[in-house]
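Peer 1: Given next are the chains, with one letter for each unit.
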Amino acid sequence: MLRKALPIAKSAPVVLLGLIMAALLAAPVYAASGIVDQAASASTFAQASDSNPEANLPFLFAVYILTWAGFFGYAFYMSRRQRDMRREIDALKQVLQGRKEQDNASSHEESR
Amino acid sequence: MVGRPVRASRGGDHFRDVLIVAGAILMAATLYLTFLYAPTDANLGVSQRIFYFHVPVAILSLLSVVVVAVASALHLFRKGERSDAVAYASAEVGFVFCTIAIVTGAIWAKPVWGVWWTWDPKLTLTLVLWFIYASYLMLRAFGPKGSQGARYGAVLALIGAIDAPIIYYAAELWRSTHPNLIIGPAAPGDALDPKMLVAVLVSLIAFAVLFVFLIIERYNLKKAETDVDEIFQYAA
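Those protein sequence lines, which keep their order, are chains A and B. Residues in the first sequence are numbered consecutively from 1, following our numbering. Residues in the second sequence are numbered consecutively from 1, following our numbering.
Because the hints were derived from the structure by calculation, they are not lab data.
Under the rule of at most 30 Å between Cα atoms (straight-line distance), these lysine-lysine pairs were calculated in the BS3-like manner:
{"hint": "1", "chain 1": "A", "residue 1": "K93", "chain 2": "B", "residue 2": "K145"}
{"hint": "2", "chain 1": "B", "residue 1": "K223", "chain 2": "B", "residue 2": "K79"}
{"hint": "3", "chain 1": "B", "residue 1": "K79", "chain 2": "B", "residue 2": "K145"}
{"hint": "4", "chain 1": "B", "residue 1": "K195", "chain 2": "B", "residue 2": "K110"}
{"hint": "5", "chain 1": "A", "residue 1": "K100", "chain 2": "B", "residue 2": "K223"}
{"hint": "6", "chain 1": "A", "residue 1": "K93", "chain 2": "B", "residue 2": "K223"}
{"hint": "7", "chain 1": "B", "residue 1": "K145", "chain 2": "B", "residue 2": "K223"}
Model the full assembly from the supplied sequences, consistent with the hints where possible.
Peer 2: Right, dumping it as structure tokens:
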């Protein structure tokens, strides 16, 4: 039902990871624009006021880029494997179809 | 047999759709929790937000080798092709997760420890796990084909899975630069700020959905590849 409503779901792995990647690529931009919550917390991660929380933003950005590039690359690899396999199935169908026609022709000749 | 669809059953397709929708919603929630809800760590700054990516991916890479081992054990005892396909799919996805865990860990290590890599027990054992995944996949690709290759792979997976609990407890067992356990059954309850805990748990669920989705996709592909190979052999 959902598949009918969303025909795009046929190429689901690529679409899903594409959407997620686009959303997550925007994430470091949120952080860069200073939306980062500075709320204090009582945890083992002590809060200190003298550090610059945005100092390591390029590292965060690199992690997001590489992670989603990794997942996206894997999804792309799987979709290519699927495409190759469909080609193999088509080749197989042609071979079997040819064989069937050959069998039909030989049985037709025998019946004559 | 030739006209049989490559895709999974209709029920499987519906489950796949559910995973897609759930994954998208959970990833959006993770995005919100990671960047807006969770507080910024004062010592590590923004780089601590790598935690919400690195930790779930690393946990799932450990879980994956356990799935490979369980499926491999089932394959050895029952000789089922399905369990072998599950093991293979999980190994390949686990390899991707393990690679990402190592890369994200290295990037996080640079601002925090000042180096990209150190021969810390946890890091070294994770690298060993990466080599176990790689050797499993190479064995399946270049080793004996058919049931013999599957059996060799299953034995390797069972031995390799021993690495998973050692990695999990490595920071507790040895003096380690890597932080101690902060989530999981052996972690102390107050190890993490409640908001950070919520963010990391939601992120873990989101990545787990992605993990299951990728395994199902790879499983279907592996099954179809095996079927096509069999038909080719039959046709030849």
